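Novice: Chain residues, written in single-letter form:
There are 2 protein chains.
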Amino acid sequence: MERKQLIEQIFTKGSFLCVGLDTDIKKIPACLLELEDPIFEFNKAIIDHTAPYCVSYKPNLAFYESLGIKGMIAFEKTISYLKENYPNHLIIADAKRGDIGNTSTMYARTFFEEYDVDALTVAPYMGEDSITPFLAYKNKWVVVLALTSNKGSHDFQLMQDQNGTRLFEQLLRKTQEWGNIDNMMYVVGATQGSLFADIRKIVPDHFLLVPGVGAQGGSLQEVCKYGINKDCGLLVNSSRGIIYASSADDFAVVAGEKAKELQEQMKAELDKL
Amino acid sequence: MERKQLIEQIFTKGSFLCVGLDTDIKKIPACLLELEDPIFEFNKAIIDHTAPYCVSYKPNLAFYESLGIKGMIAFEKTISYLKENYPNHLIIADAKRGDIGNTSTMYARTFFEEYDVDALTVAPYMGEDSITPFLAYKNKWVVVLALTSNKGSHDFQLMQDQNGTRLFEQLLRKTQEWGNIDNMMYVVGATQGSLFADIRKIVPDHFLLVPGVGAQGGSLQEVCKYGINKDCGLLVNSSRGIIYASSADDFAVVAGEKAKELQEQMKAELDKL
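So the sequences go chain by chain: U and E.
Residues are numbered in my numbering as their position in the first sequence, beginning at 1, plus a constant of 20.
Residues are numbered in my numbering as their position in the second sequence, beginning at 1, plus a constant of 20.
One or more of the hints may lead you astray.
[To be verified] Computed footprint of chain U on chain E, listed as stretches where at least three residues anywhere in the stretch have a Cβ under 8 Å from a Cβ of chain U:
id: 1; stretch: 81-93
id: 2; stretch: 185-197
[Claimed, not checked] In silico BS3-like links for lysine-lysine, alpha-carbon gap of 25 Å or less:
id: 3; chain 1: U; residue 1: 46; chain 2: U; residue 2: 33
id: 4; chain 1: E; residue 1: 90; chain 2: U; residue 2: 103
id: 5; chain 1: E; residue 1: 158; chain 2: U; residue 2: 46
id: 6; chain 1: U; residue 1: 292; chain 2: U; residue 2: 24
id: 7; chain 1: U; residue 1: 292; chain 2: U; residue 2: 250
id: 8; chain 1: U; residue 1: 46; chain 2: E; residue 2: 160
Everything labelled a hint here was simulated from the structure, so no lab data went into it.
Just so you know, these numbers come straight off a predicted model, no measurement behind them.
A virtual CB, placed ideally from N, CA and C, is assigned to each residue, including glycine.
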């Protein structure tokens, strides 16, 4: 998906919501467990009820891989279902891959050819040749970890060099030599508050994928205060706060309501632009 | 596998060789392509011919994932084959995973329960809670990226803080607060030459997983000069130099010969201890 199309979707829908499909067999409603593929059935119902309120879906690979082959079949079916029924939603595979050049090339083939998703999260520790193979694909997005939402994010990402530049800032600068606003986004956790402002100084125009709203404690208003730009420039992810809002038979309906709530708050923020 | 058992295997066999199973459908001999599962058949033949000369196998997940479900079935069959027939070989899943705590927990479940391998490579950018869930498993190993073998390794890993401490050194120090010599190894590329000596100052006793010998230009003698310790403390990986040494029908025999050559060089190094 092109940047232009993504921006159009956001303003048409009044939403920059990404729904995280962190589907855990241990957390889905009991009524689904008798079905042949409970993970896929859960995703399908969640997607059908949330699609009007979001512009993106982000399946988290760890949850599918943890079920082995069966889980990967559910992942593949989920992607196919999205592509057939909701072709205007950006699909982000949250897999945090990254390796030496020839291996990153294989991961790129996996996600951008075999599964044919729109975007992939990538871990940057190994540098240039771990990231550039993903950038060789047209109309695909590389979403590089910059400043993540978790507690451990401060262990290395805030390390300062001799000029006081932090690792995540070095990363934002360096990666811009390899990619651009049309093929690269950054993960910036909603829990990072005013550090968002420092990030926007270096990447004013890039899209930021923002996890951590809801279950991890980040606030949508805070994120918008520091992070929104004229094209919106944000995809805010919510996973647990939407997909597990109800554990009863009405799970999909409640997920839709939660997504709508967030969409309405997002629309209010977009209307201010 | 326990550390003690790994050391015993190394000295019994006179080898600290890890054979990398980076099995690429585009590179395996044509004679295998007619079989039902060419990737698994290739691995099986390579394993049977190299097992006497190595102590570990390292399937690289990217290569299996790139074939979708079919590739993951080949991966699963390879792990089962190893566990049944070569239970004394350490199996390292080279997957470079790492995410926020609850997601790393799912990856740990994937590799240490579902596939039940002995070790997993982990990417450290996200810090403590991205690594500690893997350390909760008994007799399993977390292999953390420290100083990798690729060109891009210098982009971020050599960044210096205000005291001149480099990122990979900070990482070696910090991660020792979370794991120990019985459950944690580090990836240190064979291409890093004398930087090995700096690493051994911080982690004198840890096992180091060393890729980059052969195709990537690293030298075994150089690695041993700076990296070997009284328990050996090294697992040196070779992938392409062994598994693709011949592309003809004799591929497995030639792979065995190449593995034997490396094993003999390794034995000479162990004999010096």
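Novice: Hint compliance check: list the failing hint numbers for this structure, sorted ascending.
Specialist: Hint check: 3 fails alone, others pass.
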